[in-house]
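With the hints as constraints, model all of the structure from the sequences given.
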Amino acid sequence: MRTFIAIFICLLLLISGMMAQERKPEAWDLKAEKKYISRQEEVKEEVWSIKQAGFRNRMVPAEYAKESAVVLARHVELITPQKNVKLHRTERNLVAINDKAALEQYSEFEFKQYLNSDFYYPLEPFDKLTKITYIGVRIYKKDGSMREIYGNEAVVTDLVRKEHKTRKLAIPDLQVGDLVDYFIREEEFMKTSNAFSKELFVLGEEVPVLEYSIHIAAWNEVFALEYRSMNGAPNFKERFDTHMIHLDMLVRNIPPVPRNLWMNPFRQLPMVRAHLRPGARNEKAGRRKEGMIYGNPNAIRIRDEAISSGGYYPEYAMPSQDAAKNFVAKFKKDHPNATKQELAEFIYYIHRYVLLYRVWPGDPIVVDRRRNYSDPGRYAFLLSVKYELEKNGIPADIALLTSRFGPSDTDVFTERDYEMMVKTRGDKPLYMSAVGMFPVTTYIPDDFEGQKATLVNNGEITGSWEIPFSKAEQNKQLNRLQISLKADNIQQLEINRETTITGHFKQRTQQQLFLFEDYYDKEREYLGIETSFLDEFAATKGSRALVEEYKNAFSKARRDQKEQFLLEVAEQFEKTPQSLDSFSLVEMGLRSDKPDVVYKTRFTMDGFVKKAGPNYILDAGKLIGGQISIKPSQRTRNVDVQMPFARTIEYEMELDIPEGYVAEGVDKLARNVDNECGSFIVKPGLGANKLRLHITKTYKLAVTPAAKWPLLLEMLDAAEAFREQKVLIRKVG
Amino acid sequence: MRITLISLYLSALLCSMAPLSVYAGPHTPYFIAREDENPNIIIREKKERIEFTRGDKQNPVWVKEKSSTTYRCNEFRGTIPVVAFYNDYSRIDEVKAWVNNDRFKVKPEHRYYAIEDIFYADARICGFMLPFEKINTESRAEIEKTTLDPRYINAIYFPEEYFTASKEITIVIPRWMKAEIREMNFAGSGIQSSRSFDSREEADVYTFTASNLQPSKSESDAPGPSHIYPHILICSHSAQLPSGNTAYFGSLENLYSWYHSLVADIGNDRDAVKATAASIVQGKDTDLDKIKAVYTWMQENIRYIAFENGIAGFRPVKAQEVLAKKYGDCKGMANLTREMLASLGFDARLCWIGTRHVAYDYSMPSLAVDNHMICAVNLGGHTYFLDATETYIGFGQYAERIQGRQVLIENGAGYQLARIPEPGFEQNRQTEKRILRIEGEKLTGNVTHRMTGECTENVLSQIHQIRKTKLEEALQEYLTNGNSQYTISNIRTSDLHDWNTDLTISYDLSHIDAVSAFGEEMYVEMDFRKELSNATIDTLKRRHDYWLPYKRGMVQETVLQLPEGYKVKSLPPALRIDQSKYTFSTTYEHKNGQVIYRKEIIIRDTRLQRKDFQAWNNDIQKLRQSYHEQISLVKK
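In the order they appear, the protein sequences are chains A and B.
Numbers 1 to 733, taken from the working numbering, label the letters of the first sequence in order.
Numbers 1 to 636, taken from the working numbering, label the letters of the second sequence in order.
Simulated from the structure, these hints should not be mistaken for laboratory data.
One thing to keep in mind: the hints can contain errors.
What the hints assert, rightly or not - DSS-like, lysine-lysine: derived pairs with alpha carbons at most 30 angstroms apart: (1) A/Lys594 <-> A/Lys333; (2) A/Lys141 <-> A/Lys51; (3) B/Lys325 <-> A/Lys141; (4) A/Lys168 <-> A/Lys191; (5) A/Lys562 <-> B/Lys622; (6) A/Lys24 <-> A/Lys168; (7) B/Lys325 <-> A/Lys112; (8) A/Lys575 <-> B/Lys433; (9) A/Lys486 <-> A/Lys594; (10) A/Lys575 <-> B/Lys581; (11) A/Lys551 <-> B/Lys541.
Structure, rendered in structure tokens:
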């Protein structure tokens, strides 16, 4: 919270422009308000007269009586009323309020009455840079009465002269059992930045929608319309008249769709994407002909547009490319016998180093965890890498693909749907991605798995690439635990843990636990860069003072690191340790030949050993930490299970049984649930005063068909039930 | 009621990016700070001058505040936010800054300041980012502010957002201004004070100096700042001006008189609320039932929305408006409650009150004393206090935050002082009774919960935030602690819309694998919930007292029917901890083929002081240890 507020204040101060102290409304504001109210009158007359039947409905069907809220009618309209001058977007909803949670949701509206699109100029309502929002609300009471409230009656909660005026409206006399009918109208002048309007209509949400209508209309001399219906959503009805082109859709009785565990909404919920965009005289790549409607455009064409509009040429490369180039030249000179593979890896890592690791005297001093979340940005970074690879005789392609959690390659709608990587050619290709500071050249991001990529080189398609899903054993958390009961308090466990993290698990761990100071040095060592930025700073009078400052900042970051390790243990065991006695990073997993992250922790835990007379009960099952619990409403599902990736969590535990005690009930711990979707296997063993447990929990598939959900449930239930399992540590004699 | 600038100031302290620990430059002293604080930035010196001056015709007395803060960078350069708050009664006159002795051009930003849980407030924030050139350099900020009415100058706090090596507060009170200065929480702070007379200005000058002040620290469940930080409370009594004498708050009479003037001309239309009031009490025979009905209707039908807007922060909205809009802040809700009851002929009154967040009572005539408004109704020689902002508390029950607090009750031109009753833990009861038997390695049976007072309020307020389609699942998750092996079915509840009777929940239980069988023995853990087991206070990090949310008396009883052919081998020892503020006890009893486990947790006093922490932690450890005991049964 403390950090959040600090960041909020910083952003607040940095982002906004200067303004005078606002005491009373200024002249410009008062003048605009009159115009706003006048226009509001016109808007409300227009919106309340929408003739859609659903807005006359006052009855909630019996089947939805138990729903928190029911949307009786919704209408969304996007139109260009005056040729290419203005754009109006209207959304109107009639909602039945059935409980206090819904009452809370619909009792307040916050909106930006004026929003300036160009902070270089002061906000001037009704000018060509300002988007204006109107709000109107009608409340229908059970007794048939109705009352209204409008945006001009809302209180002003923020006003930044260069940015926006924000208001908040409290809805009066709204009670459970009422209907609330509200509209939000946004009006703005068309300009280059907003002429391309994007809409996403999702036909399935937490509450039922009885009637959902959409109308998009654009001036045919200027605009084109296009849409993509996905996942079973209907198509628009297309209509052409003298001046306008229209899209219309009316969908009835959309049942509630609870947001379920492991869902992938973009591929599982019916939805429609639509664009209202400036047309061109002639149709060509990246352009649509004015007056035309493009329904469900050919995905191949979108892909080709992505290739041609993206260019993927080196002129888009990142500005720091020269520095990387020099390092590459030095590498080649120092390593004349380096293989192409070694050179390729160097090129990737040095580009990342130049962009994210290098420190300049003018940089803000950020060496704590915030640095671990740096990202190179895919486009310029990967183009630079590819350019340098090719220049050094290493053939490589850009792999264009969509994220597994975005549209499929058959449902792409715009070139921006595409993600990218670099893939070298040859028997042992390298994969170069732009996801954070730490990926190695054998890593493919989890959301690219299972996707089909198009390989592109200098604007030409060179092939395709089916990216397989990684296997569960490639994404592993392995915990080796040496456990002993504390000599002076047998109910406390002393745990020595070595954790090995692989595959897709790595990045989160690296971001949570790593220190810039450590991985900066390691990266330099790998890259053969002898001089650190501290050495460089020390050599220059102007930056010499920074050396001490960076050392202080390193020291502070190191002090804070313990808290992160403590948190990691607490998350793992769902219990804060009594003490964290030591922690260390053994391997950082920054290169393909040593890809695993390994760290060690030593800590004391309480609450896992219960006393019963002279004996003790070990909560053996709880040593695997928290397990996901499937709620009753989640136990049946008709949509496929879409997890981030297949994975294995493995424990090798060895517990010293104290002298004078024996362990009983160990055999009862054995579990062997193993099916095609997952497994939970516990292999217990006893010997030489040691209790051994080898436990593996495996999610075998990233995508499990809905029909096989019971198999996954079997594994999940077994793991959760195991948490109740105990071992008796019996006093002998 | 209005939030004061003090709370804004203290929230600004949350913005601290770096308090202090050790600075050891040449020729400079050591500043010692706590281990858990950031040593990078400190305030080497802060000088704050507060001076009463002549104002204008509308506001004849102004208070000028001028602060000069010198920050020092000890470890590494960066920037920090410097902020000042103001509102409709105050303005920021000037903001200046220097970086390493060079003037730094400042463009302060002025924004509305959003306060959590407040729908709208007139609070504004003015701020800028102050850089540090490099390590061991200083940056300075000067801010001048004018408060247009001395009524709104109350508390001046000593702690800053950073460790402060030296701080001086000077208060200049001309002889024409009568004001009282009270030193609050000075004990042990090392703050020095002196008073002198400035003959040229004909003013008394009060000077307070402090050194090595630890930064303020925001902690959950801590007392309000007026309880914990050293500060000066200024009470402006009156001003003798050429135009005559202007009275401020020289006495409680003055304070009440001002409050009363604000509520006297609200513009209530009692007739407009009478019909609603009459319909609410229709069918209610006794006066008490009628009052109860009005109060319950208010809780159920009027939404609490907090407004803090200029003088409106002290003046309630008209009752008929609140009724029409079905929402209001505490003043609006208190006012509507009063008007509805008065329209029915009851003696209902408005009350000003400071919640437990505020350290003061009405012995200080100051706006800092109260932050809330409720309604009182007199019936048959008894006064009932009605706080409709507490949505789910029963009639005649009082939330911890107002219990025992002094309350200023309107009484025409005069006033009355009273205290809110302070019921003991008995008001907030929470019992759970489980009748169980062993089936294989399962525990099965039925469970009944009964709750009263704030225990009910706590559960109901959570329940009503949940969409009703998800209620059953949420209730199940709450009752099972999210443990799917603790399976419950056939849930029955009392009316979740009636908080004037005990809340009851009962269900059938099947706790899978709750029994561990080894050979001829069985082991059973009798406590499922293990309340307070994570309640240890981190004494290394915790700076302030810890206030528990409310007093309560919790009883859990599990009756376990022994299975046929088994006898008790061992029972855990009983636990009994009796402290003045709390009691923890667990007992195991074997009789009539049953083992009866009974746990009682009583919180009599919610205010755990730092001196209590050690004992509390020891006792929690003992309670936790008792949770780690199991009964064992053996075949006969």
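Evaluated hints:
Restraint check for lysine 594 of chain A and lysine 333 of chain A: satisfied, since their Cα atoms lie roughly 25 angstroms apart, inside the 30 angstroms limit. At most 30 angstroms may separate the alpha-carbon atoms for a hinted pair to count; lysine 141 of chain A and lysine 51 of chain A meet this at roughly 21 angstroms. For the given pair, lysine 325 of chain B sits about 13 angstroms from lysine 141 of chain A by alpha-carbon distance, which is consistent with the 30 angstroms threshold. A hinted pair counts as satisfied when its Cα atoms are at most 30 angstroms apart, and lysine 168 of chain A with lysine 191 of chain A qualifies at roughly 28 angstroms.
For the hint linking lysine 562 of chain A to lysine 622 of chain B, the alpha-carbon distance of about 28 angstroms falls within 30 angstroms, and the restraint holds. Taking the CA atoms of lysine 24 of chain A and lysine 168 of chain A, the gap is near 18 angstroms; set against the 30 angstroms cutoff, the hint holds. Distance hint between lysine 325 of chain B and lysine 112 of chain A is fulfilled; the C-alpha atoms sit about 23 angstroms from each other, no more than 30 angstroms. A threshold of 30 angstroms between alpha carbons decides the hint, and for lysine 575 of chain A with lysine 433 of chain B the separation of about 28 angstroms falls inside it, so the pair holds.
Annotation: proposed proximity of lysine 486 of chain A to lysine 594 of chain A is violated, straight-line Cα distance about 35 angstroms (limit 30 angstroms). Pair hint lysine 575 of chain A plus lysine 581 of chain B holds up; C-alpha atoms about 27 angstroms apart against a cutoff of 30 angstroms. With a CA separation close to 26 angstroms, the supplied pair lysine 551 of chain A and lysine 541 of chain B stays within the 30 angstroms bound.
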